[in-house]
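Line order of the protein sequences matches chains A and B. Everything in the first sequence is counted per the numbering used here, starting at 22 for the first residue and increasing by one. Everything in the second sequence is counted per the numbering used here, starting at 11 for the first residue and increasing by one.
The set of hints was computed from the structure by calculation and includes no laboratory data. Possibly wrong hints are sitting among the right ones.
To be verified - BS3-like, lysine-lysine: derived pairs with alpha carbons at most 30 angstroms apart: (1) B:K204 x B:K180; (2) B:K63 x B:K95; (3) B:K180 x B:K31; (4) B:K49 x B:K31; (5) B:K65 x B:K231; (6) A:K101 x A:K32; (7) A:K32 x B:K63; (8) B:K96 x B:K49; (9) B:K180 x B:K63; (10) A:K26 x B:K36; (11) B:K49 x B:K95; (12) A:K101 x A:K26; (13) B:K180 x B:K36; (14) A:K26 x B:K31; (15) B:K96 x B:K180; (16) B:K36 x B:K63; (17) B:K36 x B:K49; (18) B:K144 x A:K32; (19) A:K26 x B:K63; (20) B:K95 x A:K176; (21) B:K95 x B:K31; (22) B:K65 x A:K26; (23) B:K31 x B:K204; (24) A:K26 x B:K231.
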Amino acid sequence: MSTVKLTVNGKAVAVDVEDRTLLVQLLRDHLNLTGTHVGCDTSQCGACVVHMDGRAVKSCTMLAGQADGASITTIEGIAKGDELHPMQAAFRDNHGLQCGYCTPGMIMSAIDIVHRHGGQLDEATVRTELEGNICRCTGYHNIVKAVLDAAGRMKVSQAAE
Amino acid sequence: MYQTTYHRASSVDEAVSLFGKSSEAKFLAGGQTLLPVMKQRLASPSDVIDLGKIKELQGIELSGDTLTIKAGTIYYDIMTNADVKKAIPAIAHLTSVLGDPAVRYRGTIGGSIANNDPAADFPAALLALGATVKTNKRSISAEDFFQGLFTTALEDGEIITAVSFPVPAKAGYEKMRHPASRFALTGVFVAQTKSGEVRVAATGASQSGVMRVPAIEAALKANWSPSAIDGVSISASGLLADIHGTAEYRANLVKVMAQRAVAAAR
Numbered sequence: 022m023s024t025v026k027l028t029v030n031g032k033a034v035a036v037d038v039e040d041r042t043l044l045v046q047l048l049r050d051h052l053n054l055t056g057t058h059v060g061c062d063t064s065q066c067g068a069c070v071v072h073m074d075g076r077a078v079k080s081c082t083m084l085a086g087q088a089d090g091a092s093i094t095t096i097e098g099i100a101k102g103d104e105l106h107p108m109q110a111a112f113r114d115n116h117g118l119q120c121g122y123c124t125p126g127m128i129m130s131a132i133d134i135v136h137r138h139g140g141q142l143d144e145a146t147v148r149t150e151l152e153g154n155i156c157r158c159t160g161y162h163n164i165v166k167a168v169l170d171a172a173g174r175m176k177v178s179q180a181a182e
Numbered sequence: 011m012y013q014t015t016y017h018r019a020s021s022v023d024e025a026v027s028l029f030g031k032s033s034e035a036k037f038l039a040g041g042q043t044l045l046p047v048m049k050q051r052l053a054s055p056s057d058v059i060d061l062g063k064i065k066e067l068q069g070i071e072l073s074g075d076t077l078t079i080k081a082g083t084i085y086y087d088i089m090t091n092a093d094v095k096k097a098i099p100a101i102a103h104l105t106s107v108l109g110d111p112a113v114r115y116r117g118t119i120g121g122s123i124a125n126n127d128p129a130a131d132f133p134a135a136l137l138a139l140g141a142t143v144k145t146n147k148r149s150i151s152a153e154d155f156f157q158g159l160f161t162t163a164l165e166d167g168e169i170i171t172a173v174s175f176p177v178p179a180k181a182g183y184e185k186m187r188h189p190a191s192r193f194a195l196t197g198v199f200v201a202q203t204k205s206g207e208v209r210v211a212a213t214g215a216s217q218s219g220v221m222r223v224p225a226i227e228a229a230l231k232a233n234w235s236p237s238a239i240d241g242v243s244i245s246a247s248g249l250l251a252d253i254h255g256t257a258e259y260r261a262n263l264v265k266v267m268a269q270r271a272v273a274a275a276r
């Protein structure tokens, strides 16, 4: 057992876990943040994507101990109170989900894509960069539309700040 | 995953000392292979020694005609590094088609070559460019380093610290990506050194892991152009065959990927 100290959605936490605990298990089983999903458990589907120090990583492919000292943001941490994050709002408005299982990972990856590319985002880039996130319902069409829509909204909200 | 004990090393020396005190330890770099393998219970190290926070294993340096990438550098940092893009753009390109964005934030060059997966991308770059692998004990040429499937010259407790690449006159890398795993179904790295030597390495093709392709090297030495490879015949003998492609299919891919790599080389 080890104590892992990290910041999750802005709150400092210390959690006693077995050394073999994965970051996603710490989030879901110890902190009850079940918005982050486990899909394939083989690093391919991206349902478990969270942000570690601002970068989108697969939380099923990290030991909790590797995140010691890091700042983690999960899907539960991106809205401002009742106001959805622009990416969440764009997924809702563009019908970017059906069953919703992949959605938390899609949204966390998509925010990272927008941060990396800013205004340079086009459809081909979004499709290529989403290759680490698998959706079995939508055929990706509306997901891609949502990400492009959100990229515009995020630019506007950044400019306003 | 079986029980294990996690250690975070703050220096190479500390990592080596932790390794010596454990019965069945494994070094953990980015963990993008080791952790999935542990989750499948195909590996059960008693101790996992995390190299991810060791500062001396981080960084990229271009000095004269040598590009040195420290072993713990993540793919994303290699892909976006100005010196890499300037000196060996083929390496920046290789990194951009390796895994997916989330994997590229965690995976490292040292982890990739230490694992020496027969379909990994970086072994082809090292072999084609004639790179040198630096460890905490010695320097090893790429030829001597890669010794077959998942096998390298590394001894127990030896840690890769950096890879040094001679800057080539031209180089290119192209691969047929497996759409799910994003490993190379076959990938070919072509390089023309500053002294005029041509070196070609293929990954994902051979049953013995990364390999040089002398027939294509000879054709390109005579005429550096994609069409020079038209007449080359690659034997399917000793090539990988699986549900994704026969040995004959991969033999053809070696040619086609080499042609594309030459066309893309700069």
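Against the structure, the hints come out as follows:
1. For the suggested pair K204 (chain B) and K180 (chain B), the alpha carbons sit about 8 angstroms apart, so the restraint of at most 30 angstroms is met.
2. This hinted pair checks out: K63 (chain B) and K95 (chain B) have alpha carbons roughly 25 angstroms apart, not beyond 30 angstroms.
3. Distance hint between K180 (chain B) and K31 (chain B) is unfulfilled; the C-alpha atoms sit about 46 angstroms from each other, more than 30 angstroms.
4. A C-alpha spacing of about 24 angstroms is found between K49 (chain B) and K31 (chain B), which places the hinted pair at or below 30 angstroms, so the restraint holds.
5. The hinted pair formed by K65 (chain B) and K231 (chain B) fails the criterion: a straight-line CA distance of about 41 angstroms is larger than 30 angstroms.
6. Our distance criterion of 30 angstroms between C-alpha atoms is met by K101 (chain A) and K32 (chain A), whose separation comes to about 15 angstroms.
7. Between K32 (chain A) and K63 (chain B) the alpha-carbon distance is near 23 angstroms, which keeps this suggested pair within the 30 angstroms criterion.
8. Taking the CA atoms of K96 (chain B) and K49 (chain B), the gap is near 39 angstroms; set against the 30 angstroms cutoff, the hint is violated.
9. With a CA separation close to 34 angstroms, the supplied pair K180 (chain B) and K63 (chain B) exceeds the 30 angstroms bound.
10. Distance restraint check for K26 (chain A) and K36 (chain B): the Cα-Cα separation of roughly 24 angstroms lies within the 30 angstroms cut-off, and the hinted pair is therefore satisfied.
11. About 35 angstroms separates the Cα atoms of K49 (chain B) and K95 (chain B), which puts this hinted pair outside 30 angstroms; it is violated.
12. As the CA atoms of K101 (chain A) and K26 (chain A) are separated by approximately 24 angstroms, the hinted pair is consistent with the 30 angstroms bound.
13. Between the alpha carbons of K180 (chain B) and K36 (chain B) the distance comes to roughly 37 angstroms, so the proposed pair goes past 30 angstroms and is violated.
14. At roughly 26 angstroms between alpha-carbon atoms, K26 (chain A) and K31 (chain B) fall within 30 angstroms of each other, so this suggested pair holds.
15. The straight-line distance between the Cα atoms of K96 (chain B) and K180 (chain B) is roughly 12 angstroms, inside the 30 angstroms bound, and the hint therefore holds.
16. Among the hinted pairs, K36 (chain B) with K63 (chain B) is consistent with the structure: their alpha-carbon atoms are about 16 angstroms apart, no more than 30 angstroms.
17. Simply put, K36 (chain B) and K49 (chain B) have alpha-carbon atoms about 14 angstroms apart, close enough for the 30 angstroms limit, and the pair holds.
18. A C-alpha spacing of about 41 angstroms is found between K144 (chain B) and K32 (chain A), which places the hinted pair above 30 angstroms, so the restraint is violated.
19. As the CA atoms of K26 (chain A) and K63 (chain B) are separated by approximately 16 angstroms, the hinted pair is consistent with the 30 angstroms bound.
20. Distance restraint check for K95 (chain B) and K176 (chain A): the Cα-Cα separation of roughly 28 angstroms lies within the 30 angstroms cut-off, and the hinted pair is therefore satisfied.
21. Restraint check for K95 (chain B) and K31 (chain B): the C-alpha separation of about 41 angstroms exceeds 30 angstroms, so the hint is violated.
22. Taking the CA atoms of K65 (chain B) and K26 (chain A), the gap is near 21 angstroms; set against the 30 angstroms cutoff, the hint holds.
23. Between the alpha carbons of K31 (chain B) and K204 (chain B) the distance comes to roughly 46 angstroms, so the proposed pair goes past 30 angstroms and is violated.
24. Note on K26 (chain A) and K231 (chain B): the hinted pairing is violated, with a Cα-Cα distance of about 57 angstroms set against a maximum of 30 angstroms.
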